[in-house]
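Q: Sequence:
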Amino acid sequence: MDRIILIAQQIAKEGKIPTTALIKARLPKNVPLPAIIQGLKMWNDNPDKEINIPADIREDGNRDKQKSIDALIDAKIAQAIAPLTKQIDMLTNQLIDLKKQLKKEEKE
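Numbering follows our numbering, with no gaps: position 57 of the sequence shown is 42.
No lab work stands behind these hints: they were computed from the structure. Don't be surprised by glycine CBs; every beta carbon is placed ideally from N, CA and C. Just to be clear, a hint being listed does not mean it is correct.
Keeping only pairs whose Cα atoms sit at most 27 Å apart, straight-line, the calculated BS3-like set for lysine-lysine is [to be verified]:
1. K85 with K71
2. K71 with K92
3. K34 with K85
4. K71 with K61
5. K26 with K9
6. K1 with K14
7. K9 with K(-2)
8. K84 with K61
9. K61 with K92
10. K84 with K71
11. K84 with K34
12. K89 with K61
13. K14 with K26
14. K61 with K26
15. K34 with K14
Cβ-Cβ distance ranges computed for the label pairs, FRET-style [what the hints assert, rightly or not]:
16. G0 with M75: 30 to 36 Å
17. T77 with K14: 44 to 50 Å
18. N15 with L69: 29 to 35 Å
19. K1 with K34: 49 to 55 Å
20. L76 with N15: 23 to 29 Å
21. N15 with T77: 36 to 42 Å
22. L69 with D33: 20 to 26 Å
23. Q23 with S53: 27 to 33 Å
24. I36 with Q72: 17 to 23 Å
25. L12 with L80: 50 to 56 Å
26. E(-1) with E35: 47 to 53 Å
27. A56 with E91: 17 to 23 Å
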């Protein structure tokens, strides 16, 4: 339950109103909806409740955040190198064509 309340607090700190859908999206898939609803009600009763964050939850959050950052970096890199890859392919094709022309001219 503390994990649900903690997530609700994080959502509220982001300037959003915690809902069951927002909380569910940040939880593992095996958390039942009634537990999420109960946790949200508990948060509504005391939004500033002190929660001791277990180390495994902190580590999971850090891993998830790192995965998001890594995915964003990978997407930006792919976007940045796409034009370069096209240019390399184009230049490679031009080089092949030039080599063919050169061989053709040498035979003549």
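Q: Determine for every hint whether it applies to the structure shown.
A: Evaluation of the provided hints:
1. K85 with K71: At roughly 21 Å apart (the allowed maximum being 27 Å), K71 and K85 satisfy the hint.
2. K71 with K92: Distance of about 32 Å is beyond 27 Å: violated.
3. K34 with K85: Violated, at roughly 75 Å.
4. K71 with K61: Roughly 16 Å separates the two Cα atoms, so the pair holds.
5. K26 with K9: holds (14 Å)
6. K1 with K14: holds (22 Å)
7. K9 with K(-2): Cα-Cα ~17 Å, so holds.
8. K84 with K61: At roughly 35 Å apart (the allowed maximum being 27 Å), K61 and K84 break the hint.
9. K61 with K92: Violated. K61 to K92 sits at ~48 Å, over the 27 Å cutoff.
10. K84 with K71: holds (20 Å)
11. K84 with K34: Given pair K84, K34 is violated - Cα atoms ~73 Å apart, limit 27 Å.
12. K89 with K61: Violated: K89 and K61 sit about 43 Å apart, past 27 Å.
13. K14 with K26: holds (20 Å)
14. K61 with K26: At roughly 40 Å apart (the allowed maximum being 27 Å), K26 and K61 break the hint.
15. K34 with K14: holds (25 Å)
16. G0 with M75: 30 to 36 Å: violated (47 Å)
17. T77 with K14: 44 to 50 Å: holds (46 Å)
18. N15 with L69: 29 to 35 Å: Given a distance of about 43 Å, which is not inside 29 to 35 Å, the answer is violated.
19. K1 with K34: 49 to 55 Å: violated (18 Å)
20. L76 with N15: 23 to 29 Å: violated (52 Å)
21. N15 with T77: 36 to 42 Å: About 50 Å separates the Cβ atoms of N15 and T77, which means 36 to 42 Å is violated.
22. L69 with D33: 20 to 26 Å: violated (51 Å)
23. Q23 with S53: 27 to 33 Å: Between Q23 and S53, where Cβ atoms are some 28 Å apart, the hint holds.
24. I36 with Q72: 17 to 23 Å: violated (53 Å)
25. L12 with L80: 50 to 56 Å: With a Cβ separation near 54 Å, L12 and L80 satisfy 50 to 56 Å, so the hint holds.
26. E(-1) with E35: 47 to 53 Å: violated (19 Å)
27. A56 with E91: 17 to 23 Å: violated (51 Å)
Hints 2, 3, 8, 9, 11, 12, 14, 16, 18, 19, 20, 21, 22, 24, 26, 27 from the list above are not met by this structure, while the remaining hints are.
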